[in-house]
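The whole structure should be built from the sequences, with the hints applied where relevant.
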Amino acid sequence: MKDSTRYNRQIILPEIGENGQYKLSKAKILIIGAGGLGAAVLPYLAAAGVGEIGIVDDDVIEVSNLQRQVIYKTSAVGNYKVEEAKAMVLELNPLVKVNAIAEKLSGKNAIALFEQYDIVVDATDNLSIKYLINDACVVTNKPMVYGSIFRFQGQVSVFNYQNGPTYRCLYPDENNKSINCEDAGVIGISVGIIGMLQANEVNKIILEIGEVLSGKILVYNVLNNEQQKYDFEKNTAFEMNKTIFEEKYKVAENQIEEIAAESIANEIDNDEILFLDVRNEDEVPKMNFKNGIQISLANLESEIEKLNRNQTIYIYCQSGIRSKAAAKLLQRKNFKNVKSIAGGVLKLKQFLNEENISI
Amino acid sequence: MIEIKYFGVVAEKTKCEFEKIPFSEVSLQQLLQDLEEKYQFDSLTFSVAVNQKIVPKASNFTLQTSDVVALLPPFAGG
Chain Y
21 MKDSTRYNRQ IILPEIGENG QYKLSKAKIL IIGAGGLGAA VLPYLAAAGV
71 GEIGIVDDDV IEVSNLQRQV IYKTSAVGNY KVEEAKAMVL ELNPLVKVNA
121 IAEKLSGKNA IALFEQYDIV VDATDNLSIK YLINDACVVT NKPMVYGSIF
171 RFQGQVSVFN YQNGPTYRCL YPDENNKSIN CEDAGVIGIS VGIIGMLQAN
221 EVNKIILEIG EVLSGKILVY NVLNNEQQKY DFEKNTAFEM NKTIFEEKYK
271 VAENQIEEIA AESIANEIDN DEILFLDVRN EDEVPKMNFK NGIQISLANL
321 ESEIEKLNRN QTIYIYCQSG IRSKAAAKLL QRKNFKNVKS IAGGVLKLKQ
371 FLNEENISI
Chain S
1191 MIEIKYFGVV AEKTKCEFEK IPFSEVSLQQ LLQDLEEKYQ FDSLTFSVAV
1241 NQKIVPKASN FTLQTSDVVA LLPPFAGG
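Chains Y and S are the protein sequences, given in the same order.
FYI, in the working numbering the residues of the first sequence are 21 to 379.
FYI, in the working numbering the residues of the second sequence are 1191 to 1268.
Everything labelled a hint here was simulated from the structure, so no lab data went into it.
Be a bit skeptical, because a hint or two may be false.
Unchecked claim - Coverage of chain Y stretches by chain S, computed from C-beta distances (three or more under 8 Å per stretch; other residues unrestricted):
1) 55-61
2) 144-152
3) 168-182
4) 243-250
Claimed, not checked - Derived DSS-like pairs (lysine-lysine); straight-line CA-CA distance at most 27 Å:
5) Lys-249(Y) <-> Lys-1195(S)
6) Lys-1205(S) <-> Lys-254(Y)
7) Lys-1205(S) <-> Lys-249(Y)
Heads up, the beta-carbon is just placed ideally off N, CA and C, and yes, glycines get one too.
In structure tokens form, the structure reads like this:
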């Protein structure tokens, strides 16, 4: 079966044509959230022949999802949503490349993820993550196709489109509260309609047809079919770049690098590396590293001048928890290369015994 | 008359989706303050639109008769 046969009914539209179909096949779309909105957006983009679709969600399917997340089967309850969504797409249209990402979106993974796609679809169900998506879209210069629901009403907009207004221009107050579907209740049809409007915006951006909902928010009421569009402007007072992003979402602080006990075998005699024991002085077993020092976690901050900020430091404690906290503290104090030994002395001793390495 | 439209959680507070108030010289800030007193929005956040255009929260001007004001809270469901 030729691809052009599959897509014939849209290719014959003068606004799409072979050229439009080619644009669809080259497009890479990232959908954040495989819930009600995601379940509406996904099959339509896949069926239309979008080249690559990433889906991010770390949830598993629950029975209470099925009345609105219509791509999932009852038999799939308990499975990862992204895995089921991927299987659904491949059956629907095997020409689409699908990336199932069973992770929670965070400041740590957002930027690297967004950079791999052209358009980001916000199909999430809480407010704080919308600010994260917005900010990561600004940093990576991607449009954010936004949709959200409150009972029988929905909102749709496209933020950061060609440097246009963002979510923060519409809702600057990050500490606002609103309830999600779980608490407020929702019917599948509402999320279906709003998700479809989002898919429509994605399609228009890819095909460069129609008017994109940039600088406008559409509010739809499914009970009376009233829809309103409100204009809003870009607020230039709001600043966002990679440095601000990393600071705000504490990217560095959370990125405590751990090193496995097994990886240390070759480095035990390396003079360049300092082994820092953050246990209390009386804790055993002792480790006799050639280049070692003991400063308890409690004293670390006050005795920080005993350490060199440019030296590679491997930190350990009994089980690997205090050493992580210590690594965090040293990173905050601008230490360049600190790692926490995963599993601590317990793991380290066990490994060294197994390998018959003595120190 | 000025028409006021309410959406989302704001409409739950006001228990109506729109209302019209008899026009007398009133500034936007005065109107918002009156609504706050009447409905006790408390910690609810919303953006304010006048005639389909979102205006900065602190902006103040005299509303004209036949103006339509809308209070738009963020939605979070999905």
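Here is how each hint holds up against the structure:
1. 55-61: holds (count 4)
2. 144-152: holds (count 5)
3. 168-182: holds (count 7)
4. 243-250: Holds, because 3 residues of the region 243-250 of chain Y bring their Cβ atoms closer than 8 Å to Cβ atoms of chain S.
5. Lys-249(Y) <-> Lys-1195(S): 13 Å, holds
6. Lys-1205(S) <-> Lys-254(Y): Given that 27 Å is the threshold and the Cα spacing comes to 32 Å, the pair is violated.
7. Lys-1205(S) <-> Lys-249(Y): Answer holds: Lys-1205(S) to Lys-249(Y) is near 22 Å, not above 27 Å.
Of the hints listed earlier, the one the structure fails to meet is number 6.
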